[in-house]
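Visitor: Starting from the known structure of chain A, fit chain B onto it as the hints suggest.
Number of protein chains: 2
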Amino acid sequence: MSHRTNPIVSVQYPPWVAELVDFNRAYATDEEKMRLAISVSRANVERGTGGPFGAAIFERDSGRLVSVGMNSVVRLNNCTLHGEMVAFMMAQQVVGSFSLNMPSLPPHELFTSCEPCAMCLGGTLWSGVKRVVYGAGREDASRLNFEEGPVFPESYKYLEDRGIEIVRDVLRPEARAVLELYRTMSGKIYNG
Amino acid sequence: MSHRTNPIVSVQYPPWVAELVDFNRAYATDEEKMRLAISVSRANVERGTGGPFGAAIFERDSGRLVSVGMNSVVRLNNCTLHGEMVAFMMAQQVVGSFSLNMPSLPPHELFTSCEPCAMCLGGTLWSGVKRVVYGAGREDASRLNFEEGPVFPESYKYLEDRGIEIVRDVLRPEARAVLELYRTMSGKIYNG
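Chains A and B, in that order, give the protein sequences.
Taking my numbering, the leading residue of the first sequence gets 1, the next gets one more, and so forth.
Taking my numbering, the leading residue of the second sequence gets 1, the next gets one more, and so forth.
In isolation and in its complexed conformation, chain A is listed as follows (with noise of 0.2 Å):
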């Protein structure tokens, strides 16, 4: 247990990354890059390191692959560590800044297997991503009783409002099935 005066929290990559993930290409399709999303989430429950949630943030012209996140809220002790905030921390500390969205970046876009919730679609504002592309719905989490918390549909009308696109059931049905598997496997529901 950590002395209480000065906890360190310490995020990183599961070392299955290294070899699962290529950074050196471009991801030129919403498949492609959706695909590396469920790939992500895929592995997570596969190598036993969380949740069937994966992510990555893409520069939206380019293709090229700025982070990936999966759930790391069991293996890190930290409820906030869903895929999409992993994702988000990761991209802020590769480009060196805390927004995503500065006039000396490129625009930016979050790919995720699951639709965000209610913590993530925050974040995702607050982040400075342009776009979400998101590939199994909440339907299909709240079938695994995976809670989505507080969105509602003005959560998003808000989100568009400020000029985030959002982009729906892309790779949805290869999306589900790791969630499936995940359930094949009985996983732990954190948020049940």
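Don't read these hints as lab results, they were simulated from the structure.
Among the hints, erroneous ones may be present.
[Claimed, not checked] Estimated spans, in silico, between C-beta atoms of each pair: (1) B:183 to A:167: 34 to 42 Å; (2) A:152 to B:145: 45 to 53 Å; (3) A:106 to B:143: 44 to 52 Å; (4) B:61 to A:29: 52 to 60 Å; (5) A:101 to B:5: 21 to 29 Å.
This structure is a prediction, so every number in the text was calculated from the model and none was measured.
All C-beta atoms, glycine included, are put in the ideal place defined by N, C-alpha and C.
Guide: Chain B alone, transformed into the frame defined by chain A:
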């Protein structure tokens, strides 16, 4: 700039926490607890380590202080590090669990100098705290052009329906005074 393949995000308190915050006393009343959260928000501004937002997590019944949190977005180049989120992750690091709502743990509560944004309200749900107490309101923050994001009356109802008590306006003028101090000092409005 960190290498993309293995970024490391490290979150620690700024050094003034060790001098300012007394982890060895019990905080008996809501006012004492809120006064600590406000003193953290004020120190963050006066020491130049971040935005005017402070938080603290206590064991609800004993008044034992578990963690504090201060806005660390600019200091650590990380949009997720609002005061409440830092408090959650530090508390979970201290107790060694991804949730503060465990059979082995006493009930915990969050005190925050200002009404939580959409991200932090979502995080509140996952954190496991049973009670949220805030000082300044969203209108006070909006006056400084700090945005709260997609938070609606139904968002609070969602948390309350899940057994989380919400208490508003505790020491609100003192909390608001720190927002005003920040404005006077022309702090950076990173969500603007």
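Visitor: Hint by hint, note whether the structure agrees.
Guide: Against the structure, the hints:
1. B:183 to A:167: 34 to 42 Å: Given about 38 Å between the Cβ atoms, the range holds.
2. A:152 to B:145: 45 to 53 Å: violated (24 Å)
3. A:106 to B:143: 44 to 52 Å: violated (33 Å)
4. B:61 to A:29: 52 to 60 Å: Cβ of residue 61 (chain B) to Cβ of residue 29 (chain A): about 55 Å, so the range 52 to 60 Å holds.
5. A:101 to B:5: 21 to 29 Å: Because 24 Å falls inside the window, the suggested range holds.
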